[in-house]
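A.B. asks: Residues per chain, in single letters:
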Amino acid sequence: MSRSLSRSSRLAVWALDHLVPGGSDPGLTGDVLEELAEGRSTRWLWGQVGLALLSGFERKLQCCWPALLFALVWSLSAPALELIQRQNEAFEARLWEMTWPWSTVCDLGYSLGMALVFLWTGLAICVALYSMTTWRFDGRRLLRGIWLSVPVFAAALAAATLLVSLTPHSWINIEQMTYVRLIRQPVFIPYDAACWFTLSVAIMAALPRGRRKRARTADV
Amino acid sequence: MVLLALIRLGDEAYGVPVARELRAIRGREVALGSIYAALERLEGKGLVTSSLGEPTPERGGRARRFFRVTKEGLRQVQATRRALTTLWRSLPEHEGGKA
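Note that the protein sequences, when read in sequence, are chains Z and C.
For the first sequence, my numbering gives the first residue as 157, with consecutive numbering after it.
For the second sequence, my numbering gives the first residue as 9, with consecutive numbering after it.
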């Protein structure tokens, strides 16, 4: 059956199996494939996948809102990274002494590394708090969250940078600013949003699955 | 509505027939994902139970998940019917007949 599926349909089924938050139901995928075999279009299939994803996110929001709130609060402290980086100006100056393109690559890597360490610290605190309150921990899912945060943050950061570059704004001198004034700067909002989005995705991927009652296999 | 569809379908109640039943009643398309989300909530409340059938090749090797209404679910359906009947009976009559 799967051999006769088009590439687009195979991709849709893969998305249904792997991207639905909280895990997909094999019954749902089977039902979708059964309808497809009976003449449904690929467009219908993608509609079902989209709605299943939305439904999955809605369920996740209902159960994970404290974690998402934590991600929001943690992300608000993201501008502090700028202040920390400014304190290491000597190190950054050494990076810029390198020949191009290594100077740019290393500086970018340094900034990204700092941001990822910041996000992983938030993720670790959130998972630790969750584990302490529920006595549940899944190391494989934590690793999944850490791994997933890298491409998601790269994409979110690129989108934030593009948004900031397209929006007119005035440059700010962060050295003369207090932290409270710094986090109020509108220019940081897209970067905070990128951090929040990444941390939310990572937390949702890292927290142990809900105790969904698995159906027993019956002779039907 | 989902519980009523399950009762009507009996032992053959899995995603596809439930979606068709609801489509026939509502007159419009119902997403399979929404049905599963609703059934999962009902299962969480103890109104529905589910069991997996055997995987079949026409479903890409995936099993059917059959749903069944529990005794508590049947009680809830009866209670809802009684409440709705009472509400309908308490409506004032219009000139052209009952409301």
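In short, the hints are calculated from the structure, not lab data.
Just so you know, even glycine gets a beta-carbon here, dropped at the ideal spot from N, CA and C.
Check each hint, because a few of them may be wrong.
As the list claims (entries may be wrong) - For the chain Z half of the interface with chain C, some residues (derived, Cβ under 7 Å), not all of them:
no., residue
1, G179
2, P182
3, T185
4, G186
5, A193
6, G195
7, T198
8, E245
9, E248
10, L318
11, L319
12, D348
To be verified - Mimicking DSBU-like on lysine-lysine, the simulated pairs with C-alpha atoms at most 30 Å apart in a straight line are:
no., chain 1, residue 1, chain 2, residue 2
13, Z, K216, C, K79
14, C, K79, C, K53
15, C, K53, Z, K216
A.B. asks: Now tell me if each hint is right for this structure.
C.D. replies: Consistency of the hints with the structure:
With its C-beta approaching chain C no nearer than about 11 Å, G179 (chain Z) sits outside the 7 Å limit, and its interface hint is violated. The beta carbon of P182 (chain Z) comes within 5 Å of a beta carbon in chain C, closer than 7 Å, and the hint placing it at the interface holds. Against a cut-off of 7 Å between C-beta atoms, the interface hint on T185 (chain Z) holds, since the closest Cβ of chain C lies about 5 Å away. At its closest, the beta carbon of G186 (chain Z) sits 3 Å from a beta carbon of chain C; the interface hint therefore holds under the 7 Å criterion.
Hint status for A193 (chain Z) relative to chain C: holds, with the closest Cβ pair at about 6 Å, below 7 Å. The interface hint given for G195 (chain Z) is broken, as the beta carbon of that residue sits about 13 Å from the closest beta carbon of chain C, more than 7 Å. At its closest, the beta carbon of T198 (chain Z) sits 15 Å from a beta carbon of chain C; the interface hint therefore is violated under the 7 Å criterion. Because the smallest distance between the Cβ of E245 (chain Z) and any Cβ of chain C comes to about 52 Å, over 7 Å, the interface hint for this residue is violated.
Hint on E248 (chain Z) is violated. Least Cβ distance to chain C is approximately 48 Å, over the 7 Å limit. Hint on L318 (chain Z) is violated. Least Cβ distance to chain C is approximately 32 Å, over the 7 Å limit. At its closest, the beta carbon of L319 (chain Z) sits 31 Å from a beta carbon of chain C; the interface hint therefore is violated under the 7 Å criterion. For D348 (chain Z), the interface hint is violated, since its Cβ never comes within 7 Å of a Cβ in chain C; the closest pair sits about 31 Å apart.
At roughly 29 Å between alpha-carbon atoms, K216 (chain Z) and K79 (chain C) fall within 30 Å of each other, so this suggested pair holds. A hinted pair counts as satisfied when its Cα atoms are at most 30 Å apart, and K79 (chain C) with K53 (chain C) qualifies at roughly 12 Å. Distance check on the hinted pair: K53 (chain C) and K216 (chain Z) sit about 18 Å apart at the alpha-carbon level, within 30 Å; holds.
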